[in-house]
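A.B. asks: Last residue of the sequence shown: 232 in the working numbering, with the numbers rising by one and none dropped.
Read the hints as simulated data drawn from the structure, not as lab findings. Just so it is clear, the structure is predicted and the values come from calculations on it, not from any experiment. A virtual CB, placed ideally from N, CA and C, is assigned to each residue, including glycine. Hints should not be assumed to be uniformly reliable.
Unchecked claim - In silico lysine-lysine, DSS-like type, Cα no more than 25 Å apart, as pairs: (1) Lys197 / Lys222; (2) Lys163 / Lys153; (3) Lys163 / Lys197; (4) Lys156 / Lys197; (5) Lys197 / Lys153; (6) Lys144 / Lys163.
As the list claims (entries may be wrong) - Distance ranges between label pairs, derived from CB positions: (7) Gln217 / Glu141: 33 to 41 Å; (8) Glu193 / Lys144: 21 to 29 Å; (9) Ile228 / His150: 39 to 47 Å; (10) Leu211 / Glu186: 29 to 37 Å; (11) Ala148 / Phe199: 53 to 61 Å; (12) Ser198 / His150: 16 to 24 Å; (13) Glu141 / Ser219: 37 to 45 Å; (14) Gln218 / Gln175: 40 to 48 Å; (15) Arg227 / Glu145: 50 to 58 Å; (16) Arg149 / Val220: 34 to 42 Å; (17) Lys223 / His173: 13 to 21 Å.
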Amino acid sequence: MTLTFNPEKYKELLARHLPKVIKTEAENEKALAIVEELMHRQQRTPEEDELYELLIFLIENFEKSFYLQESTTPHSMLLFLMEQQSVNKKDIARILGSD
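Work out the full structure: start from the sequences and follow the hints.
C.D. replies: Pasting the structure below:
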């Protein structure tokens with residue numbers, strides 16, 4: 134049996150949990166608690182699956198940027214920032230004036 138996604142139920146879930154871009158560890162902990170609750174639910178609805186995936190995405194995005202700052206080398210940080218800003222080595226050389 135295929136369960137159908139119900140936009141109204143999803144809207145209710147979103148209103149209850151108010152997911153947003155995670156900017157602090159406290160917000161991350163709150164999102165993790167919701168994910169843990171959903172993860173242990175025996176049979177999630179399609180709407181709960183969608184919320185689960187959204188929260189996982191938001192958590193991963195936060196942790197990638199937040200925890201990267203704590204345990205990285207200057208070189209890897211530069212590469213990460215270049216990737217995020219779509220900047221390549223030629224752009225850096227031009228900016229630094231060493232073409």
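A.B. asks: Does each hint hold? Answer for all of them.
C.D. replies: A quick look at each hint next to the structure:
{"no.": "1", "hint": "Lys197 / Lys222", "verdict": "holds (23 Å)"}
{"no.": "2", "hint": "Lys163 / Lys153", "verdict": "holds (11 Å)"}
{"no.": "3", "hint": "Lys163 / Lys197", "verdict": "holds (17 Å)"}
{"no.": "4", "hint": "Lys156 / Lys197", "verdict": "holds (12 Å)"}
{"no.": "5", "hint": "Lys197 / Lys153", "verdict": "holds (16 Å)"}
{"no.": "6", "hint": "Lys144 / Lys163", "verdict": "holds (19 Å)"}
{"no.": "7", "hint": "Gln217 / Glu141: 33 to 41 Å", "verdict": "holds (36 Å)"}
{"no.": "8", "hint": "Glu193 / Lys144: 21 to 29 Å", "verdict": "holds (24 Å)"}
{"no.": "9", "hint": "Ile228 / His150: 39 to 47 Å", "verdict": "holds (42 Å)"}
{"no.": "10", "hint": "Leu211 / Glu186: 29 to 37 Å", "verdict": "holds (31 Å)"}
{"no.": "11", "hint": "Ala148 / Phe199: 53 to 61 Å", "verdict": "violated (27 Å)"}
{"no.": "12", "hint": "Ser198 / His150: 16 to 24 Å", "verdict": "holds (22 Å)"}
{"no.": "13", "hint": "Glu141 / Ser219: 37 to 45 Å", "verdict": "holds (39 Å)"}
{"no.": "14", "hint": "Gln218 / Gln175: 40 to 48 Å", "verdict": "holds (43 Å)"}
{"no.": "15", "hint": "Arg227 / Glu145: 50 to 58 Å", "verdict": "holds (51 Å)"}
{"no.": "16", "hint": "Arg149 / Val220: 34 to 42 Å", "verdict": "holds (40 Å)"}
{"no.": "17", "hint": "Lys223 / His173: 13 to 21 Å", "verdict": "violated (49 Å)"}
Violated hints, in rising order: 11, 17; the structure is consistent with all others.
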